[in-house]
Every structure is written in structure tokens, then in C-alpha cells.
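There are 2 protein chains.
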Amino acid sequence: MANDLPITTSEWEVMRIVWTLEKATSSEIINLLVKKRTWKASTVKTLIGRLVQKGMLTATKEGHTNTYQCAIAERTAMQEEATRLFKNMCAMKNGEVLAELIQEIQLSKSDIQKLQDALTAKEQTAPDQVACNCIPKEETTE
Amino acid sequence: MANDLPITTSEWEVMRIVWTLEKATSSEIINLLVKKRTWKASTVKTLIGRLVQKGMLTATKEGHTNTYQCAIAERTAMQEEATRLFKNMCAMKNGEVLAELIQEIQLSKSDIQKLQDALTAKEQTAPDQVACNCIPKEETTE
DNA sequence: GTCCTCCGTTTACAAATGTAATCTACAATT
DNA sequence: AATTGTAGATTACATTTGTAAACGGAGGAC
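Residue numbers (this note's numbering), protein chains in the order written: chain R, 4 to 145; chain A, 4 to 145.
These are computed hints drawn from the structure, not numbers from a lab.
Source: prediction; values computed, not measured.
Hints are not guaranteed to be accurate.
Treat identical chains as interchangeable: a pair holds within one or across any two.
[To be verified] 25 Å max Cα-Cα, derived DSS-like pairs, lysine-lysine:
hint: 1; residue 1: K90; residue 2: K39
hint: 2; residue 1: K38; residue 2: K26
hint: 3; residue 1: K48; residue 2: K26
hint: 4; residue 1: K26; residue 2: K43
hint: 5; residue 1: K26; residue 2: K96
hint: 6; residue 1: K96; residue 2: K125
hint: 7; residue 1: K90; residue 2: K112
hint: 8; residue 1: K26; residue 2: K90
hint: 9; residue 1: K43; residue 2: K64
hint: 10; residue 1: K38; residue 2: K90
hint: 11; residue 1: K96; residue 2: K38
hint: 12; residue 1: K57; residue 2: K90
hint: 13; residue 1: K125; residue 2: K112
hint: 14; residue 1: K117; residue 2: K90
hint: 15; residue 1: K43; residue 2: K90
hint: 16; residue 1: K39; residue 2: K96
hint: 17; residue 1: K57; residue 2: K96
hint: 18; residue 1: K39; residue 2: K57
hint: 19; residue 1: K48; residue 2: K64
hint: 20; residue 1: K43; residue 2: K57
Based on the provided sequences and hints, a complete structural model is requested.
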């Protein structure tokens, strides 16, 4: 079960296709991606191969042809990426970034409801200030 | 004005230091990072050099020594990263991911207030459903 | 003034990534 | 059966990234 996933941007595009199709053959993936990106079929094959190596895709041989499936759920992968990103940015500014992000992405009414609930719950225990975590331990001029 | 910033994770760590210090000499950056990470001084120097090339840091020579400053605001860079990430993930699932993200990161009371306001505003025009944007144009088996 | 140190620059080199051609073996066609 | 189209595997190669040593000059220590 791929846990750390150092998955690259190109590979991510392949994953999105397979996540959506649930299972797919290489030609399905290739057809879709050759259109979307200007990749050659070969390129997509390479990416598929690397994803299999990385344990992100499983290949099940059916006759001569492989059927590819994702070894990790899309939601999980997305969550990990999002969390990793925010953990690597200044904690103090996360809130503002999130606020602007909310304005920039599409959200459904029910998404908004969920978010509001989550916020309300969090409000109880929220601190007045979040400390910046940008500088390692010791102080500047130490 | 660095606009696209293909900035790597290691480089990001250097940026965080300089963003926080506002201006810094190489030795300040090196001292902090050699502790935090197990990098050699040389490694940090390389990263600084690359960031200058990429236009993310400016180097102002004061005598023999450089003073480094960031060429792009931290908030801007953070916002770009966050937006880019979410734009590259399944639009339909962004809401859920965000909801869980909110639970995982630290937020101050005022952050929460801002988020709630942003959500309330957005609620007006929110659709009932957000469409998945994972598969390129043409349909699966076309 | 000489030597050492520190800083910036240059060079190094392996691994990962982006991008792809080629080769090989089965499958479908004729 | 011979041919041809494909799918998967192997190989290729430039660029980027991670990680660092080496070099060369300016300033400070003595």
C-alpha cells in the first residue's frame, strides 16, 4: 500500500484518469491523455510503468493486456497532498491562504455546509493566535 | 518578478527562512538550516544560488557579503501553491478535502471568522453539485 | 605583510523526472 | 500461415533536483 507517494505532476494526471475510470487499459489512458496533453503514447506508457513500480497502480493481466487499477483511493491521495502542502507552509498564514482559496475554487452548497460545521466545531478550541513555525529552534543570531 | 516559480521542496525551506527574516546573509540561512536539516553548508549555498537564478531571491552585495531578500511575498507564493494544488485535483472532491484539512491544521479564532465569512458569501451563488473534471473532453470509449 | 577564514562561485555527480523511440511478443486480419 | 497492428518492456537521453566538494578572492587575525 503505497504510503509516502513521491508522485510527480505528470504521474498525477495518469492517476486521475484511472481513479475516475476505476479500471482502465493502457489504450484508454493513452487516448485520453494524448489529447489532453501533447504527450506521445510512449510517454504515457512510461508514466504508467513508473506508477506500477511505485505501487500506485496495480496491473492485472487479462490475456495479453493489462487492466490497471489504483492502489490508493483518490480521496486519500488528495488529502495527503493537501495536508503535506499546508504543513510545509507558514502555520501563521495558513488561515488567510485557506480563506482566499475558498474563494477561488468551486464548492457546492453541501460542501459549504460541511465546511461551516467543521469550523464551528473547531472554533471552541481555537487559539487567539497561531505561532509562526518558519524558523527552526534556535533564534536568529544564535 | 518570478511568476511561475518551479520551486522545489528544498528551496522552499530556504525561502521560508528568508521570508521570516526579511533579509538574511548566507551564514544566517546556513546556520539555521544546517541544524534543522542534515545539510552541509555547501548544500544550502547551492540552494541559495539556484533561488537567485530563479529570481526568487535577490542578492545585494554589501561589501564582500550578500544580503538576500525575497522577490516574491510569502503570502503570494503560498496562495499560488495552494491554488495550483487544488486546481490539479478533482474539483468534485475539493470540498471534502478542504473540510478535513480544516480539522488538521491550526487555525486561530480570527482565521475561523474569516473563513466563515468567506463561506457565507460564497453560499449565495454556490451550485448544488460541482462537476468532476478528471476526464479530458471526449468520453471514455470514444 | 602573511595566513587563515569566510563567502560566493564553479564544478561534480547520482537520482528523479519529462519525454520518447525501439524492440518483442501476442492477437487480430486476410 | 504470413502480415500487421498493438501492448508491454527495455533503452535512451536531456533536464532538474538533491547533495556536496573544490576553488578563488576579500577581510580579519597576528
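Where does the structure disagree with the numbered hints, that is, which hint numbers, in rising order? none
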